[in-house]
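Enquirer: Here's the letter readout for the chains.
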Amino acid sequence: MIINVARKELKSVFASPMGWVILSLLMFAFGTYYLNGVNDYFAVMSGAMRPAERTGVTQFVAQTVYGLASFIMLFAVPLLSMRLISEERRSQTLPFLFSAPISLTEIVLGKFVGLVAFLSILIVFIALMLSTLNIWSDIDFGFIIANSIGLWLLVASFSALGLYFSSLTQQPVVAAILTFVALFALMILDRFFAGDPSNTLASLSLMRHFQSFSSGLIDSGDIAYFVLFITTFLTLTVRRLDADRLRG
Amino acid sequence: MNNFTVEAIELTRLYGGREAVSNVSFTLSKGEVLGFLGPNGAGKSTTMKMLTGNLAPSNGSVKICGIDMMESPKEAKALIGYLPEMRPLYKELTVDEYLTVAARLHRVSSGNIKKAVEIAKERCGLGHMSKRLIENLSNGYQQRVGIAQAIIHSPMVVILDEPTVGLDPIQIRDIRALIRELGSDYSVIISTHILPEVEMVCDRVQIIDKGKLVFNGAIDVLKKQRVGNKLLIGMHNPPSVDAMLKIAGITEAEALAGGLMRVRFAEDATPAEAIVQAAVKNNWGLHQIAPDQTSLEDVFMQLTYQEQTEF
Numbered sequence: 218m219i220i221n222v223a224r225k226e227l228k229s230v231f232a233s234p235m236g237w238v239i240l241s242l243l244m245f246a247f248g249t250y251y252l253n254g255v256n257d258y259f260a261v262m263s264g265a266m267r268p269a270e271r272t273g274v275t276q277f278v279a280q281t282v283y284g285l286a287s288f289i290m291l292f293a294v295p296l297l298s299m300r301l302i303s304e305e306r307r308s309q310t311l312p313f314l315f316s317a318p319i320s321l322t323e324i325v326l327g328k329f330v331g332l333v334a335f336l337s338i339l340i341v342f343i344a345l346m347l348s349t350l351n352i353w354s355d356i357d358f359g360f361i362i363a364n365s366i367g368l369w370l371l372v373a374s375f376s377a378l379g380l381y382f383s384s385l386t387q388q389p390v391v392a393a394i395l396t397f398v399a400l401f402a403l404m405i406l407d408r409f410f411a412g413d414p415s416n417t418l419a420s421l422s423l424m425r426h427f428q429s430f431s432s433g434l435i436d437s438g439d440i441a442y443f444v445l446f447i448t449t450f451l452t453l454t455v456r457r458l459d460a461d462r463l464r465g
Numbered sequence: 006m007n008n009f010t011v012e013a014i015e016l017t018r019l020y021g022g023r024e025a026v027s028n029v030s031f032t033l034s035k036g037e038v039l040g041f042l043g044p045n046g047a048g049k050s051t052t053m054k055m056l057t058g059n060l061a062p063s064n065g066s067v068k069i070c071g072i073d074m075m076e077s078p079k080e081a082k083a084l085i086g087y088l089p090e091m092r093p094l095y096k097e098l099t100v101d102e103y104l105t106v107a108a109r110l111h112r113v114s115s116g117n118i119k120k121a122v123e124i125a126k127e128r129c130g131l132g133h134m135s136k137r138l139i140e141n142l143s144n145g146y147q148q149r150v151g152i153a154q155a156i157i158h159s160p161m162v163v164i165l166d167e168p169t170v171g172l173d174p175i176q177i178r179d180i181r182a183l184i185r186e187l188g189s190d191y192s193v194i195i196s197t198h199i200l201p202e203v204e205m206v207c208d209r210v211q212i213i214d215k216g217k218l219v220f221n222g223a224i225d226v227l228k229k230q231r232v233g234n235k236l237l238i239g240m241h242n243p244p245s246v247d248a249m250l251k252i253a254g255i256t257e258a259e260a261l262a263g264g265l266m267r268v269r270f271a272e273d274a275t276p277a278e279a280i281v282q283a284a285v286k287n288n289w290g291l292h293q294i295a296p297d298q299t300s301l302e303d304v305f306m307q308l309t310y311q312e313q314t315e316f
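Line order of the protein sequences matches chains A and B.
The first sequence begins at 218 in my numbering and counts up one residue at a time.
The second sequence begins at 6 in my numbering and counts up one residue at a time.
These are calculated hints, taken from the structure and not from any lab test.
We put the beta carbon where it would ideally sit given N, CA and C, even for glycine.
Where hints are given, some of them may not hold.
[Unchecked claim] One side of the interface only, derived from the structure: several residues of chain B facing chain A at Cβ under 7 Å:
hint: 1; residue: 59
hint: 2; residue: 61
hint: 3; residue: 65
hint: 4; residue: 77
hint: 5; residue: 79
hint: 6; residue: 83
hint: 7; residue: 87
hint: 8; residue: 91
hint: 9; residue: 106
hint: 10; residue: 110
hint: 11; residue: 111
hint: 12; residue: 112
hint: 13; residue: 113
hint: 14; residue: 181
[Unchecked claim] Chain B is nowhere near these chain A residues, computed Cβ spacing over 10 Å in every case:
hint: 15; residue: 245
hint: 16; residue: 269
hint: 17; residue: 284
hint: 18; residue: 313
hint: 19; residue: 334
hint: 20; residue: 448
[As the list claims (entries may be wrong)] In silico lysine to aspartate or glutamate, EDC-like type, Cα no more than 20 Å apart, as pairs:
hint: 21; chain 1: B; residue 1: 217; chain 2: B; residue 2: 12
hint: 22; chain 1: B; residue 1: 35; chain 2: B; residue 2: 257
hint: 23; chain 1: A; residue 1: 228; chain 2: B; residue 2: 97
hint: 24; chain 1: A; residue 1: 228; chain 2: B; residue 2: 12
My request is simple: use the sequences and hints to build the entire structure.
Expert: So this is what it looks like as structure tokens:
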């Protein structure tokens, strides 16, 4: 049943040019950075005399691309998640889902899975694009896998938050703005506590937990953080929709 | 074991302390078309939302084919097809795509989806619209898609909220015919504020006013109340009321403006012939005699008005 809701979401995304345009524009941006990364690598490495200054091509190129990806997703996810529930609220299509034999949890999970599946296309494409480096050199696949998992968890967290804000309002634009502001605050939270890295609030920052992945480290603590983050916002969304049914 | 497809038991819904629906109970059997009648804001849509599990009742319960909506909502919802007042259509999809999504969400097994979509389209006369975007369909066809969506999984109960609002007369006629047809296979509940519509398509009627059920019975009862034992007589030289009352069988007479007279007669009497004979004999100048029908609107007004005077 979750799959059926997710399929419906994917169908809606690809029924309009929106989905295709976003996919192609983002891939264009990532492709450009990839190309620049490869060019810069030779320029930088030819100037790096001491062995300590040298980094592998995987790390050099992938870090540029994944750094950009995590930043761009900050804008892309709110734009994609904004319509998930608010649009249905506005065009009054929610009763269609509510009167079908599916539970609220399944509806919310379905919508979440649909959006994450769409964004996963991008993550897979990025990984494939970086893997083409292997044709000319011997690259570190572990680094790419760690980054992909990190980016995937990051994007899934963005989506969960976006889904929640989308359930709060009837206006997709309001949902997008709220999501963006909240995500941005969570991203730069650790900057405020730069002087005191052990602060509890700093560890709420999404970016901080992404950092270990971006250096190629899969840390179970960070995975747990993302999983908790996603669960929290999905639960809040279910509760928000349930309030619709109870309060009308 | 009873055969009720829908059982509403003391449904009550509060909106911030105000009772939008209070203590509404009724049952529906298989193959019946129930008309839900009431003025705007009477609580028709709220009741329907509660029946379909879109809104939690503040008090009372709903049972669909014996399955409680609160306890096992999924099982109960699987037996219902619902078309809300605002059509829940995904306008960016084509008719086929949309109906496929509807079939999937309503647990039609994947092998039967194609067939279910075809049958629903055929019943609603949508065959030639399959590949059109819902957005580009006319109002009437969008409404048909809405109904097709509600019957796609062959539910036991079809609930349609104001299915003919905003349609042109031909579309209204088609949709009424469709509802009649659905009534032979499913239990149907429709809500409307158009009275003749109820008379045309429903077996039973319920009138709801200010959240309370004021009438619940077969449509024939309402019709009888409407037709009554009354005659309207038009005469150029109307006699006095007393003269009219002398004719056998007439229990009541009332003179109206323009030489008209309304008479009420006893249940088993047929005084029409006697009236005509008397009119010819006494030179009343009879030019019209017809059964007097109170319009359904009047009955409706009476029922809702009585309710008000109780306070």
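Enquirer: Run every hint past the structure and note whether it holds.
Expert: We went through each hint and held it up to the structure:
1. Hint status for residue 59 of chain B relative to chain A: holds, with the closest Cβ pair at about 5 Å, below 7 Å.
2. The interface hint given for residue 61 of chain B holds, since its Cβ lies 5 Å from the closest Cβ of chain A, which is under the 7 Å cut-off.
3. Using the Cβ-Cβ criterion of 7 Å, the hint placing residue 65 of chain B at the interface with chain A is not satisfied: the shortest such distance is roughly 15 Å.
4. Proximity of residue 77 of chain B to chain A is violated relative to the hint, the smallest CB-CB distance being about 10 Å (cut-off 7 Å).
5. With a cut of 7 Å, the hint placing residue 79 of chain B at the interface with chain A holds, because the nearest CB-to-CB distance is about 5 Å.
6. Given the 7 Å rule on beta carbons, the hint for residue 83 of chain B holds: about 4 Å separates it from the nearest Cβ of chain A.
7. Using the Cβ-Cβ criterion of 7 Å, the hint placing residue 87 of chain B at the interface with chain A is satisfied: the shortest such distance is roughly 4 Å.
8. The restraint placing residue 91 of chain B at the interface with chain A holds, with a minimum CB-CB distance near 4 Å, inside the 7 Å limit.
9. Taking 7 Å as the C-beta cut-off, the interface hint given for residue 106 of chain B holds, the closest approach to chain A being about 5 Å.
10. For the restraint placing residue 110 of chain B at the interface with chain A, the shortest Cβ-Cβ distance is roughly 4 Å, inside the 7 Å limit, so the hint holds.
11. The criterion of a C-beta within 7 Å of any C-beta in chain A is met by residue 111 of chain B, whose closest approach is roughly 6 Å, and the hint holds.
12. Evaluation of the residue 112 of chain B hint against chain A yields a held restraint, the C-beta minimum of about 6 Å falling below 7 Å.
13. Because the beta carbon of residue 113 of chain B sits about 11 Å from the nearest beta carbon in chain A, more than 7 Å, this interface hint is broken.
14. The criterion of a C-beta within 7 Å of any C-beta in chain A is not met by residue 181 of chain B, whose closest approach is roughly 23 Å, and the hint is violated.
15. The beta carbon of residue 245 of chain A sits about 25 Å from the closest Cβ of chain B, which is more than 10 Å, so the claim that it is off the interface holds.
16. Against chain B, the non-interface label of residue 269 of chain A holds: every CB pair exceeds 10 Å, the least being about 56 Å.
17. The claim that residue 284 of chain A is not at the interface with chain B holds, since no C-beta of that chain comes within 10 Å of its own (minimum 34 Å).
18. Against chain B, the non-interface label of residue 313 of chain A is violated: not every CB pair exceeds 10 Å, the least being about 3 Å.
19. Against the 10 Å criterion, residue 334 of chain A stays outside the reach of chain B, whose nearest CB is about 16 Å from its own CB.
20. The beta carbon of residue 448 of chain A is kept farther than 10 Å from every beta carbon of chain B, the shortest such distance being approximately 23 Å.
21. Restraint check: the Cα-Cα separation between residue 217 of chain B and residue 12 of chain B comes to about 16 Å, which is no more than 20 Å; the hinted pair holds.
22. Using a Cα cut-off of 20 Å, the hinted pair residue 35 of chain B and residue 257 of chain B is violated, with the two alpha carbons roughly 42 Å apart.
23. Distance restraint check for residue 228 of chain A and residue 97 of chain B: the Cα-Cα separation of roughly 9 Å lies within the 20 Å cut-off, and the hinted pair is therefore satisfied.
24. As the CA atoms of residue 228 of chain A and residue 12 of chain B are separated by approximately 37 Å, the hinted pair breaks the 20 Å bound.
In summary, the numbered hints that this structure violates are 3, 4, 13, 14, 18, 22, 24.
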